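Add chain B to chain A, keeping to what the hints say.
Chains as they are written, first to last, in numbering that gives the first Met the number 0: chain A, 0 to 335; chain B, 0 to 483.
If you're looking for bench data, these hints aren't it; they were derived computationally from the structure. Check each hint, because a few of them may be wrong.
Anything over 12 Å on all C-beta distances counts as not near chain A; from chain B, calculated [said to hold, decoys possible]:
id, residue
1, LEU41
2, GLY91
3, LEU185
4, LEU208
5, SER357
Here are the simulated BS3-like cross-link-like pairs (lysine-lysine), alpha carbons at most 27 Å apart as the crow flies [what the hints assert, rightly or not]:
id, chain 1, residue 1, chain 2, residue 2
6, B, LYS59, A, LYS110
7, B, LYS209, A, LYS110
8, B, LYS221, B, LYS59
9, B, LYS218, B, LYS59
Predicted, not measured: the structure shown is a model, and the values here were computed from it. Where is the CB? At the ideal position from N, CA and C, for every residue including glycine.
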Amino acid sequence: MDPLAQFLPQVWFFILALFLFLYVMLDGFDLGVGILSLTSSNEERRGILMTSLSNVWDANETWLVIMGGALFGAFPLAYGTILNGLYIPIFLMIFGLIFRAVAFEFREHAKRKLFWNYAFGLGSFLAALGQGFALGSVLQGITVDAAGRFAGSTWDWLSWQSVLVALTLIQGYVLIGSTYLITKTEGELQDTHYRTAKIAALTTLVGAVFITISTPIFYESARTRLFQEPFIYIFAAIPLLGALLIWLLLRSLSRRQERAPFIWTILIFTLTFAGLGLIVFPYIIPMSVTIYQAAAAPSALVFMIIFMGFLIPIMLAYNIFQYIVFRGKVTGGHYE
Amino acid sequence: MDFLSDTVILSRMQFALTAIFHMLWPVLTTGMGIFLVIVEGLWLRTRNPAYYHHARFWSKLYVLNFGIGVATGIPMEFQFGTNWAAFSEAVGDFFGSILGFEASMAFMLEAGFLGIMLFGWQRVHPYIHYFATIMVAFGANLSTVWILIANSWMQTPAGGEFVNGKFVVQDYFQAMLNPFSGHSILHMFFATLETSLFVIGGISAWYILKGRNQEFFSKSLKIALAAAVVVAPVQIWVGHVSGEQVRRYQPTKLAAMESQWDTIPAGQAAPWSIVAWPDEQGEKNDWEIAVPGGLGYILEFKPELSEPVYGLKAYKPEDRPPLVWLIFYSFRIMVGIGFFFAALMLVSAVQWLRGKLSVDTIGSQRWLMRAWILAAPLGYIAVECGWIVRCVGRQPWIVYGQIRTAEGVSNVPASNVLTSLTFFAVVYTFLFCCVLYFGARILQRGPNLNLPVPDFEGRLPVEVEPAEHLPDSRPAEAQQEAQP
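Just chain A, same shape as in the assembly (with noise of 0.2 Å):
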């Protein structure tokens, strides 16, 4: 193979991970702490929630379609058909990403606040459920024909892998929207969130383990993938690390720590994506489609750098800008 036709689809593999990991980890919070203020016991804790997140929530979700714009642009074969595959996973998102999204500015002007806190809430967790199931899909494996476009039925997503991928994903973002919090509160509250981080932790562990178990025993492709050399030491070394890094965060928690928890689940985040990106790597669509067959044509892809890949670093200047400026603990429910 030509070593540019080679070399260029691999760069773009690495930015869309890169976008993909820092979506998951911005939203990934942002969504956790949605999910979580479903069990605020009063409007003012709410508020302080919805508080923490009000001048960050656009610019995270903005990875999503940023991700979205970019697999469009150079992986177009793997967008179509991806999308196309999940029809169902990716509306429950959108439907949840709008109720979550209005849910912002309704409830600040609503009267009766009920209905816009499950829009909240719910959005929330309708937007990681969708999305669970759209990984576990993926990481199943997606029916495609000859030429590599969808060739399944409208039910493919819906499996009990795909179904432990999703409460798996949830937990970790409740988890992460935990340590957050427990950076961005104090007092009672503070101590809740010690607590949801602790049982998320677990229940994210558990998840983990049976995720890493059940992979190499149900799929025969990532079986004979993870059995070989040299991947089996590196499949070897991740749940041992993982477990390292648990082990850490539960301490950094029951020490009461306030920055160490959420650098901890930053890190697991870290660790379980670059394990997922090993075992897919170089597919696009896990075991049917490789980024060589779904990229774009070079030019298209150098065109893309040109224009995107100096915006990266652009880009997280100013996000890291906003999160200084707004930096330190919400107490009250708003910002003036």
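Relative to chain A, chain B alone:
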């Protein structure tokens, strides 16, 4: 009810519904973003707190529209994959990249500074805040540019060719600067600005008529009017040029816009139908009221044409746009509103020069104020009509002359699309009512003139330690009214 089992028609209906609904919000926020840059700039220049309060009041309406604009924009992007996968695969190399640029260059810029613009008044220096406001407005308008480039390319595909049904790009810049891009971007830019100006003017006129905050709102009405003096005539000219382009590049669309069935050869006088009822089966207009030589004047400023105008009959029935009546009347409504805006601007400007719009006299201009209130929703209608002409007129092509809409659709059962379409219809209707309701509540409450104005020299709010933010125990309503 055959269409209920037709994935193509249902997917088109879904795209049309979501696009028509989505467009309502960014149309206001992109234009109003520029208005906010103007009033905040006036504040920084004059240090007159009135302008600061303008920025705060109008940004309340801004954010109400912004949230729902974001929420309804996401389905637009994803539908290309869920409902139009074959189209996405065929044109992704170019079209997908452009959507990626829109998200990373424009949308993220807007999103990244929005928080500071809305909530950063007491946290950053006023100049940094102003920078954030400019970035938000710039990002929004850059979004328009990218979206219009993508859509224009679907109208006049350039910069490459279709090989085995897949678009292979040869020159990206030629594709981006396709024949429709330039004027379409300008036409949409002025459309968002004009819509926002007349919304702001209309709301201001409502307060003036009610006798509330007349001094405050006569200011915003005049700012909107001053801008409209430039925008309204320019928009008519840009619209005219866009029409000439349609004639050159999309003759079937022009024929549908004018409900023209027979070709008018060069050298003949071309009449223009003001109203008509097109009969697609009979390939004629059932009735019409036409101005002799009118079309010639519109297209070439003289009654006889120097080049022929092709009628719909010159094309095979399967190559003609459907719903000729819709295209025909949408076009007329859009043009009519454009001229109404220009006339309203003209009358208001004359009254202004005669000194009738000062704080003491503006309240007696009751008819003029009513006309402005009437104008407030018209911009939206004009924009929607314009897009109906643009996109229904492009049919039966998804990429004009290259890929038929029916060839671009996903492999999805009609029942799935029907379900998602129904959800969209219900949810969007509900959200539309909510925005009207909450928007009305913001207007009822009016501007808060007691908001403390940030200082320029004193403490730099960035240095405030988070611990100093004491919890505010008052009820939410009271907190919104005034911060201590």
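Non-conforming hints, listed in increasing numerical order: 2
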